[in-house]
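2 protein chains.
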Amino acid sequence: MPRLADLDTPAALIDTARLHANIARMQQRMDALGVRFRPHVKTTKCLPIVQAQLAAGARGITVSTLKEAEQFHAAGLHDILYAVCIVPAKLPQALALRRRGCALQILTDSVAAAEAIAACGRTHGEVFDVWIEVDVDGHRSGLPPADDALLAVGRALHDGGARVRGVLAHAGSSYDLDDAAALRTLAEQERAGAVHAAQRLRDVGIPCVEVSIGSTPTALAAASLEGVTEVRAGVYACFDLVMHNVGVCTLDEIALSVLTTVIGHQPAKGWAIVDAGWMAMSRDRGTQKQKHDYGYGQVCTEAGEPIAGYVVGSANQEHGIVCRADGTVTTIEQRFPIGTRLRILPNHACATGAQHPQYAAVMADGSVQAWPRFYGW
Amino acid sequence: MPRLADLDTPAALIDTARLHANIARMQQRMDALGVRFRPHVKTTKCLPIVQAQLAAGARGITVSTLKEAEQFHAAGLHDILYAVCIVPAKLPQALALRRRGCALQILTDSVAAAEAIAACGRTHGEVFDVWIEVDVDGHRSGLPPADDALLAVGRALHDGGARVRGVLAHAGSSYDLDDAAALRTLAEQERAGAVHAAQRLRDVGIPCVEVSIGSTPTALAAASLEGVTEVRAGVYACFDLVMHNVGVCTLDEIALSVLTTVIGHQPAKGWAIVDAGWMAMSRDRGTQKQKHDYGYGQVCTEAGEPIAGYVVGSANQEHGIVCRADGTVTTIEQRFPIGTRLRILPNHACATGAQHPQYAAVMADGSVQAWPRFYGW
Chain A
1117 MPRLADLDTP AALIDTARLH ANIARMQQRM DALGVRFRPH VKTTKCLPIV
1167 QAQLAAGARG ITVSTLKEAE QFHAAGLHDI LYAVCIVPAK LPQALALRRR
1217 GCALQILTDS VAAAEAIAAC GRTHGEVFDV WIEVDVDGHR SGLPPADDAL
1267 LAVGRALHDG GARVRGVLAH AGSSYDLDDA AALRTLAEQE RAGAVHAAQR
1317 LRDVGIPCVE VSIGSTPTAL AAASLEGVTE VRAGVYACFD LVMHNVGVCT
1367 LDEIALSVLT TVIGHQPAKG WAIVDAGWMA MSRDRGTQKQ KHDYGYGQVC
1417 TEAGEPIAGY VVGSANQEHG IVCRADGTVT TIEQRFPIGT RLRILPNHAC
1467 ATGAQHPQYA AVMADGSVQA WPRFYGW
Chain B
1117 MPRLADLDTP AALIDTARLH ANIARMQQRM DALGVRFRPH VKTTKCLPIV
1167 QAQLAAGARG ITVSTLKEAE QFHAAGLHDI LYAVCIVPAK LPQALALRRR
1217 GCALQILTDS VAAAEAIAAC GRTHGEVFDV WIEVDVDGHR SGLPPADDAL
1267 LAVGRALHDG GARVRGVLAH AGSSYDLDDA AALRTLAEQE RAGAVHAAQR
1317 LRDVGIPCVE VSIGSTPTAL AAASLEGVTE VRAGVYACFD LVMHNVGVCT
1367 LDEIALSVLT TVIGHQPAKG WAIVDAGWMA MSRDRGTQKQ KHDYGYGQVC
1417 TEAGEPIAGY VVGSANQEHG IVCRADGTVT TIEQRFPIGT RLRILPNHAC
1467 ATGAQHPQYA AVMADGSVQA WPRFYGW
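If you're matching them up, the sequences are chains A and B in order. The opening residue of the first sequence carries number 1117 in this note's numbering; numbering runs sequentially from there. The opening residue of the second sequence carries number 1117 in this note's numbering; numbering runs sequentially from there.
Mixed in with the good hints, there may be bad ones.
Given that identical chains are not distinguished, each listed pair holds provided it fits within a single copy or across any two copies.
[To be verified] Listed next, the in silico SDA-like pairs over lysine to any residue satisfying Cα-Cα at most 20 Å (straight line):
{"#": "1", "residue 1": "Lys1407", "residue 2": "Gly1254"}
{"#": "2", "residue 1": "Lys1385", "residue 2": "Gly1150"}
{"#": "3", "residue 1": "Lys1183", "residue 2": "Gln1474"}
{"#": "4", "residue 1": "Lys1405", "residue 2": "Gly1482"}
{"#": "5", "residue 1": "Lys1183", "residue 2": "Asp1122"}
{"#": "6", "residue 1": "Lys1206", "residue 2": "His1194"}
{"#": "7", "residue 1": "Lys1206", "residue 2": "Ala1476"}
{"#": "8", "residue 1": "Lys1206", "residue 2": "Arg1457"}
{"#": "9", "residue 1": "Lys1206", "residue 2": "Arg1145"}
{"#": "10", "residue 1": "Lys1405", "residue 2": "Ser1430"}
Since the hints were made in silico from the structure, they are not lab data.
Just need the whole structure built from these sequences, with the hints factored in.
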């Protein structure tokens, strides 16, 4: 079994002890709040991690692409929610998945797509399970709960022969907050908006059994989930620096890091150059507008201990520049000689993970397992 | 043979007519300037594209990872320059490549690594071909031409039994310019600095046959390459919006785009939501600080015609928000109904390409070929 010291760099490390603790923390919270938990697997696209989430009590998964649905269905999962509004051109692919036995559920927020879904179902004798996306915070997609278009979409589905499974909301604006009270308020707004939308559908005779909400910050902040039947979250499994700035994890709960090696210096500038550039870290600069800007990541020792004040200040494709965040120049060659191995905590676990064909999962006994990820569409 | 209309979205398209024109333009320029051309294949990591570059007259390739060297050597290429300073831990991998017949050349800018290279060569009876990186613009790695450390590195290699193949410079700060005169000045600075560094090595008796420089903007701007033996450039094959802002390509020379479909709207905000988010575009925001900020990309028709004023203004993992760059609200549902297919020109071809397992290469007859890329380390 290889160990950390045997790995080539750059490599995406998963601290499995932290991963399992993060998974348990979220599941216990959902159990206490009395809701089903459906993790969003777009963060990791990695079967061993999804299996750990299911083993902890998750019921079904959320995906961001039909490829994820196909891959995880092929691995034996069935209850899969594709949480991006479907375009009519992708309905044959969704139909094929259902015909292979996948309990695939799809999403829409428009009458045009709802009518296409219903028509495709009638043509092929398939009753699609469809969620309606609700916009609770003006963040991206979905219909406002008070919008009558919500009822029009519901009718297009229901009257057209599809099954309205429920309403779905994602308070993505929670990523912009960094205050516990504001997060609780937004979580309540997400809950109340989704529950209200479901009630409006029920009031006009459209069955709407399920109410699904979720984002990692609101899932961890919600005081009550009355009326909600399931919660979705993804990045909580790994956490990252953006989530740390939001205030929902500590640095030592971040389970993903990138192992790198010092390849050179610019002593006069206080730079150590490492072999983790944006290809290994991603171009995500999610902490740029937050209260603490970590550049392209927080520098840690090879063992994972944060080295206060050192960040990856800039990045080219295969070069990262390690420097002091405050711009001061230190005797960098002595501090980090050529060959020094470091770990970098990433801004955004979803984006950094996506750059790597596999995770190097560091187990409790110090051995390392290769956990493959997939990518593409 | 599939055609454009048959492709699922998102997909990375290569306009092969533009690709071949870009490749021919650069090669003709290098031929006219009397230097060898060694394309940097990190941009595409795609064998058919590299074969086109070689067929046009390129001599050897430049790579950013040893995996690229391994993949292209397995495909029959031999003259490969790994243009990232090597860490001693990667020397066994480099040695194995040379033992398999690859004329792999490596790079360093430090005495510590130079000594390790020489020692590894002596231990294994291998004379490594080594380039010394020179810093001509304070941009990243390399030794200033006037720095005596340059001579120390040269001696550590030469006296230690390695072969000093030449000096290598990359004027990466050219990406920050947008003025033809400034680009010409920087190109001359790159040339003169590299030639001076080579001469200093020769003056102390260290053979230094080759002088390699290059970046797409300086390669296209240089008035003279006297003393230079080879040039490297990568992004020129595809070009992108950053290069357009720099001033070295027109929009209709950009050979890479992302095909996407409209999946929803927020009419009150003038948003059309498409299925190309940052996973398909990358998180690269390279035009953010340039004279024209294109957000996450310039919106075009499915046929590739730019739609003036429309950009991907923001992006989540699998959602892009198409809007007016100036923030004005248009009747977006009428303009781009659900199911509309668009193309997005990317900020940075290297970063966007890396998000995709393959390119969909659009041929002259309108057919589409799958051109695989590889990724990882």
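Against the earlier hints, flag every one the structure doesn't satisfy and list their numbers going up. 1, 2, 4 and 9
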